[in-house]
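Listed in order, the protein sequences are those of chains A, B and C. Each residue of the first sequence is one higher than the one before, counting from 1 in our numbering. Each residue of the second sequence is one higher than the one before, counting from 276 in our numbering. Each residue of the third sequence is one higher than the one before, counting from 818 in our numbering.
Check the hints yourself; a few may be wrong.
What the hints assert, rightly or not - Ranges of calculated distance between the beta carbons of each label pair, as one might list FRET restraints:
hint : chain 1 : residue 1 : chain 2 : residue 2 : range
1    : C       : Gly1008   : B       : Gln449    : 50 to 60 Å
2    : B       : Ser558    : C       : Ala1007   : 40 to 50 Å
3    : A       : Gln78     : C       : Leu1076   : 29 to 39 Å
4    : C       : Tyr971    : B       : Glu580    : 47 to 57 Å
5    : C       : Ala1007   : B       : Asp600    : 52 to 62 Å
6    : C       : Tyr971    : B       : Lys796    : 17 to 27 Å
7    : B       : Asn777    : A       : Leu253    : 52 to 62 Å
8    : A       : Asp106    : B       : Glu652    : 47 to 57 Å
9    : C       : Ile916    : A       : Leu253    : 31 to 41 Å
10   : C       : Leu1076   : A       : Phe105    : 26 to 36 Å
11   : B       : Lys734    : A       : Gln78     : 35 to 45 Å
Quick caveat, the hints were computed from the structure, so don't treat them as lab data. The beta carbon of each residue, even a glycine, is placed where N, CA and C say it ideally should be.
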Amino acid sequence: MGTFRRLLRHRGAVVGLVIIGIFVFTAIFAPLLAPYGPLEGQLADRLQPPSAQHLLGTDYAGRDLLSRIIYGARLSLQVGLLTVGLALSVGTLWGAFSGYAGGLFDLLSMRAVDVLLAFPSLLLAILMIAILGPSLTNAMLAVGIVAIPTYVRLVRSVVLSIKNQEFVLASRALGASTGRILRRHIFPNVMAPVLVQATLGIAAAILETAGLSFLGLGADARTPEWGSMLAHNKTYFRTAPWTMTYPGLAIMLVILGFNLLGDGLRDALDPRLKR
Amino acid sequence: MQRKRAFWILLLGMALVLTACGGSATSPTGQGTDEGTAPQTQQVLVWGRGGDSVSLDPANVTDGESLKVTIQIFDTLLRFEGDTTNVGPSLAESCQPNQDATVFTCTLRQGVQFQDGTPFNADAVVFNFDRWRKTDNPYRFPGENFAYYEYMFGGFDNDSIIQDVKALDEYTVQFQLKEPLAPFLQNIAMPAFAIASPAAIQAYKESFAQHPVGTGPFTFVSWAPDDRIVLARNDQYWDTPAKLDQLIYRVIPDNGERLLELQAGTIQFADGINPADVSVIKSDPNLQLFIRPANDIGYMAMNMEKKPFDDVRVRLAINYAINKDALVKAFYGDLGQVANTPLPPKMWGHDSDLKYPYDPEKAKQLLAEAGFPNGFETELWAMSNPRPYFPEPQKMAEAIANDLSQVGIKVKLVVYPWSTYLQKTENGEHTMALLGWIGDNGDPDNFLYVLLDKDNAVKGSAGNIAFYKSDSLHDILIRAQRIPDQKERERLYIEAQKIIFNDAPWAPLVYAEDPVAASAKVQGYVASPLGLEQLTQVSLKP
Amino acid sequence: MTRYIVQRLLLLIPTILGILLVTFLALHLIPGDPTHTLLGQHATPAAQEALRRQLGLDQPLPVQLLRYLETMLRLDLGDSVITHRPILQELKERMPVTITLTLAAMLIASAGGILLGILAAVRRRTWVDYFSMGLALLGVSMPIFWLGLLLVYYFAVVLGWFEPSGIASVQYQNQVPAVTGFFLVDALLAGNTRAFWNGLWHLVLPAVALGTIPMALIARITRSSMLEVMGQDYIRTARAKGVRERVVTWRHGLKNALLPIVTVIGLQFGALLSGAVITESIFALPGMGRYIVNAIFNRDYPAVQGAVILFSLLFVLLNLLVDLLYSWLDPRIRYQ
Chain A
1 MGTFRRLLRH
11 RGAVVGLVII
21 GIFVFTAIFA
31 PLLAPYGPLE
41 GQLADRLQPP
51 SAQHLLGTDY
61 AGRDLLSRII
71 YGARLSLQVG
81 LLTVGLALSV
91 GTLWGAFSGY
101 AGGLFDLLSM
111 RAVDVLLAFP
121 SLLLAILMIA
131 ILGPSLTNAM
141 LAVGIVAIPT
151 YVRLVRSVVL
161 SIKNQEFVLA
171 SRALGASTGR
181 ILRRHIFPNV
191 MAPVLVQATL
201 GIAAAILETA
211 GLSFLGLGAD
221 ARTPEWGSML
231 AHNKTYFRTA
241 PWTMTYPGLA
251 IMLVILGFNL
261 LGDGLRDALD
271 PRLKR
Chain B
276 MQRKRAFWIL
286 LLGMALVLTA
296 CGGSATSPTG
306 QGTDEGTAPQ
316 TQQVLVWGRG
326 GDSVSLDPAN
336 VTDGESLKVT
346 IQIFDTLLRF
356 EGDTTNVGPS
366 LAESCQPNQD
376 ATVFTCTLRQ
386 GVQFQDGTPF
396 NADAVVFNFD
406 RWRKTDNPYR
416 FPGENFAYYE
426 YMFGGFDNDS
436 IIQDVKALDE
446 YTVQFQLKEP
456 LAPFLQNIAM
466 PAFAIASPAA
476 IQAYKESFAQ
486 HPVGTGPFTF
496 VSWAPDDRIV
506 LARNDQYWDT
516 PAKLDQLIYR
526 VIPDNGERLL
536 ELQAGTIQFA
546 DGINPADVSV
556 IKSDPNLQLF
566 IRPANDIGYM
576 AMNMEKKPFD
586 DVRVRLAINY
596 AINKDALVKA
606 FYGDLGQVAN
616 TPLPPKMWGH
626 DSDLKYPYDP
636 EKAKQLLAEA
646 GFPNGFETEL
656 WAMSNPRPYF
666 PEPQKMAEAI
676 ANDLSQVGIK
686 VKLVVYPWST
696 YLQKTENGEH
706 TMALLGWIGD
716 NGDPDNFLYV
726 LLDKDNAVKG
736 SAGNIAFYKS
746 DSLHDILIRA
756 QRIPDQKERE
766 RLYIEAQKII
776 FNDAPWAPLV
786 YAEDPVAASA
796 KVQGYVASPL
806 GLEQLTQVSL
816 KP
Chain C
818 MTRYIVQRLL
828 LLIPTILGIL
838 LVTFLALHLI
848 PGDPTHTLLG
858 QHATPAAQEA
868 LRRQLGLDQP
878 LPVQLLRYLE
888 TMLRLDLGDS
898 VITHRPILQE
908 LKERMPVTIT
918 LTLAAMLIAS
928 AGGILLGILA
938 AVRRRTWVDY
948 FSMGLALLGV
958 SMPIFWLGLL
968 LVYYFAVVLG
978 WFEPSGIASV
988 QYQNQVPAVT
998 GFFLVDALLA
1008 GNTRAFWNGL
1018 WHLVLPAVAL
1028 GTIPMALIAR
1038 ITRSSMLEVM
1048 GQDYIRTARA
1058 KGVRERVVTW
1068 RHGLKNALLP
1078 IVTVIGLQFG
1088 ALLSGAVITE
1098 SIFALPGMGR
1108 YIVNAIFNRD
1118 YPAVQGAVIL
1128 FSLLFVLLNL
1138 LVDLLYSWLD
1148 PRIRYQ
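Working from the sequences, and respecting the hints, build out all of it.
Here you go:
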């Protein structure tokens, strides 16, 4: 196979992996790395510019921005991974089943997907949060659910294209069960495009959560999630720009990481491009 | 072949747009923001604000964004003067109460015309009041609710405090009340009770709200929803005509963006300024800052129907545990004052002697006495949208939670968007909740009775969400409603504030002043505590 | 072909019905109702009750749904609960703004994206490649509201090159009568070129803010698609025949690489409509996005329903258009 080796030879992918590695490391060891607690601070110290004491300055509640960004790595990675995890698992199963089963089920489920896809995704998310109440969990849930149809479509189309190929038909003729065919033949082929879509989806999920926070529908202001930090510090865009710049840079970096990895993955999984 | 051509056309189109964008960088339109083609002599002022008006029929709205426009188009019988909450003559030259404040007789100004030429007289006044107070009036159209009338005068038809409105002669109107109502004159000065042209209501019917006609200093020109409302000077105005030729209200939803527009010179006024940006305005020589005196209260209500807030010691402890000075300084800068009573400081009857000092030790002691030596866990609710009295409600809630954690009270924050928030808090689903009130008519009754009387501690009404029910307070407030003498009422309200202070149903937090930023060219603007001003005297320096 | 289009349009009906049902149910699941928007803190229980009765909100949900469907059958979307104006009218006023914004953003995104992508592909593994792909990555990683504010601050306030927000300067808006509702078109119809340029000038920053993310995606897909095409045999043949490199790139390369690019552009329209919600509120544009969000917050049920239906209709039709464009670009694809 050599996919992984090809990935390691891809310069962008390596850079992406390193960036993601750093963030994962930060997330795991946040309590050891952060100079202060994420919620620790006094109003008296609010909105201080970067200094020796607070390397990236403080926010409106006098909390150390660096510490919040470090702790935020946990939440923001969680946002990315959980939302995409949700969308991916539900979407893949749904898509694979729909594509494989065909018939009436396929028809109905595709109409349902049409309905979901026809909604502008942000609106659907807003509606869902309006029902559930604004919180980070609900924002993640909404962003995740909204992403499901993309995976359904993607997986279904791959399944459709391989379900009638010789090796699948041969396997079925040899008496393999549906589950076995799905496991042995369908999923491995579905993996590649889904993985690429997922790495890019993580980036999108983080941005969408930030957008929801901008509309007042994301995490509460205490939670050190980057997107909501960016949104909640927007008030100080003029007077304390660092409170937006640094969480913004963190978002950019991590998205850069996932995108680079995604590109690399695509190249590695599709060797045709590498010539 | 055809496809190829289409492709090149597409590319050419793209290139054209690109070059068009680049090309006009040097064209004069790039800079033509201020002067443009309008002649220098035209005085056009653009006011930037956060949201659009709901309707331009003042009797059918309660929101500031609607009323700030209608106040330019319409006049009321009496009006609030300058930067005070005192009432002076407007369409009525004078209004006299009888002995027990149940009959008010108003002498109207003569020679006034509505903008459509209809003469203003006693019949016009009666027409308007009848439309508001009678549900079977033929000029009440579907969707019209006359919410402010119902609120200020107790309801419609037989519930209405105003039982009859009569034209005694062409320029005299008499109001007959069901019971004494001390703040009656304050009430009819509210911009919601503006006199509209009867002819226009008859002509436009349900679309009057899009074609408002009054007697005010500006006439309505056009309304592009969510974008702008254009008004022009009324040259026939009965008082000194406005100096501006055109007054335009533009909707710019984002607070930061609105300030940027002001700095770019495309608008001349911006309200709803982030307190954090006040320093930006002060340091910009092209801008000036006006401050509307506080006529509001931002508070944290404690739901007394829920444990442990039924215990006065707990409520007092919370008042001592919050560092209000730090809170107000951080979130309001110079634009707020620490509150200890429900009445704003500039309002008559305000008691400035009452104070809960910041004293966490005392708070801990009170909590221990109440049986919570280690504190307890509870919720603090906040709205997600900024309100005039809470520019950053969530962040304030956070800071309060922080203070409370110092005395052992662990607080979970609960946040909802405004309309959901109102519904849930008025149903009493909250424990502690942030809320505020903006005065309607400059009368203490509008704060104390509305927000703290047991009459208003009703599920489903957003009045008294502490569900505070005090009979002694109720007696005082009802008595104060019926006495016309202001001195006597003042004494009663001071007494009322003492009762509230000791029972502590709220942690009063802040009296917020409302900043309005303007271009340095603006002159003649006087900021009113009621948050609404007729811009008659405003002009632009060349 | 015609049969295919008719088929697709017929399929729209269940989709729209589904959307309608989902929106209707979702809206009524949201706690709170329009009485709080209309009456605010001055809502007494009696006033709320009266208002609910007036608005028909006291009826059971199925009855409300049937009533709504009935108005729909009359090709009407009902009246706004908040402003009492016909929703069709309200949408008609806002649609042009959103369409102009999305089209402008798409133009910038496609032109910029294809250009960057081709440059990167042709100059593969040089600084040009890295720079343009770096730019593209930067583009996909900034939340619109942040990018928007930064753009306004630097380009409108500090540098003064562009206009901060709105459709056009006030004096031009006053000069141009609304005929089609599209300000730029109306300005041209009125023969007011200054107003036209002014309007175009106002459009630049919001279109850039909204177009950045799709531009980045288009750039990346163009690059990889170009690389794939340029490795094909017929390109080698063309080169071997001595066709000039520029012709190879543009005529043979891009033409064949266009298919996946069109797919991405089509898909991005949906994302653009989402992004419009935020862009319109930062740049004070009175469009559909802001309208829907306000309507959701205000619980203006019929307004949300009407707007969502129109939005999705637009989206579905755009998708159909993209599919048709496919067969036009690649005659091998045939629809039955």
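Taking the hints in turn, this is what the structure says about them:
Under the hint 50 to 60 Å, the C-beta atoms of Gly1008/C and Gln449/B, about 58 Å apart, fit the expected range. Between Ser558/B and Ala1007/C the beta carbons are some 42 Å apart, a value that agrees with the proposed interval 40 to 50 Å. Evaluation of the 29 to 39 Å hint for Gln78/A and Leu1076/C yields a pass: the beta carbon distance comes to about 37 Å. Taking 47 to 57 Å as the suggested C-beta distance range, the pair Tyr971/C and Glu580/B conforms, at roughly 53 Å.
For the hinted restraint 52 to 62 Å between Ala1007/C and Asp600/B, the CB-CB distance of approximately 58 Å keeps it satisfied. Under the hint 17 to 27 Å, the C-beta atoms of Tyr971/C and Lys796/B, about 25 Å apart, fit the expected range. Taken as a hint, the range 52 to 62 Å holds for the pair Asn777/B and Leu253/A, whose Cβ atoms sit roughly 56 Å apart. Range check, Asp106/A to Glu652/B: Cβ separation about 50 Å, and the 47 to 57 Å hint holds.
Between Ile916/C and Leu253/A the beta carbon distance is about 35 Å. The supplied range of 31 to 41 Å therefore holds. Between Leu1076/C and Phe105/A the C-beta distance comes to about 30 Å, which sits within the given range of 26 to 36 Å. Between Lys734/B and Gln78/A the Cβ separation comes to about 39 Å, which falls inside the hinted range of 35 to 45 Å.
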